[in-house]
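Asker: Given next are the chains, with one letter for each unit.
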Amino acid sequence: DVKVTQSSRYLVKRTGEKVFLECVQDMDHENMFWYRQDPGLGLRLIYFSYDVKMKEKGDIPEGYSVSREKKERFSLILESASTNQTSMYLCASSLSGAYGYTFGSGTRLTVV
Amino acid sequence: KQEVTQIPAALSVPEGENLVLNCSFTDSAIYNLQWFRQDPGKGLTSLLLIQSSQREQTSGRLNASLDKSSGRSTLYIAASQPGDSATYLCANRAQTGANNLFFGTGTRLTVIP
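The listed protein sequences derive, respectively, from chains A and B.
What the first sequence shows, in the numbering used here, is residues 4 to 115, in sequence order.
What the second sequence shows, in the numbering used here, is residues -3 to 109, in sequence order.
Here chain A stands alone, though its shape is the one from the complex (with noise of 0.2 Å):
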């Protein structure tokens, strides 16, 4: 089976710190993905990666970046963390064309 980990589950940051989320994908798929999901707002895409070093934004990109230096590793970057990005994390990775997603377990980020 794909497996998609994402290093934490749970992380609470302080407002203006730089928060590192981990993403990692065995089964060497080409495209990684950050979601965000909210309650009321649903999984809104804010960076995708079709190969190393390659990125795209995605519907909400502000505030944040990201880092794909390995095609296993795709990382989302909270430049300055502020309360409006208490959220839930979700990294997903897929194949190119016809192929489903696989998601990993989410990371629940709280901002203080």
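A hint or two may mislead.
[Stated by the list, open to error] In silico lysine to aspartate or glutamate, EDC-like type, Cα no more than 16 Å apart, as pairs:
| hint | chain 1 | residue 1 | chain 2 | residue 2 |
| --- | --- | --- | --- | --- |
| 1 | A | 74 | A | 29 |
| 2 | B | 38 | A | 41 |
| 3 | B | -3 | A | 62 |
| 4 | A | 56 | A | 31 |
| 5 | A | 58 | A | 75 |
| 6 | A | 74 | A | 25 |
If you are wondering where the hints come from, they were derived from the structure by calculation, not from laboratory data.
Fit chain B to the supplied structure of chain A, relying on the hints for placement.
Answerer: This is chain B only, laid out in the frame that chain A set:
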């Protein structure tokens, strides 16, 4: 832009009932449609993936159908159990635009023992 709608938003049924969850979408140019399950505070678990050329997929008590021309998919759950209680999300992968899934709004299912 693709819009995906799920009806109903919430559903409560007694244990043992068969039930149907609905998903509709506006753009039929899709690679596939995927049904996910999400338990509270957890990630998404893939249940079924239907390719655009397929009409249905089955896994155990679950059966998903796809009618691309009418922009509809259904998830049928047979003999529901309390362990089926979760939120169910459908998502389709569009053939055009960014490499992305378009998610529905979800149906929160409660199966009452």
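Asker: Against the earlier hints, flag every one the structure doesn't satisfy and list their numbers going up.
Answerer: none
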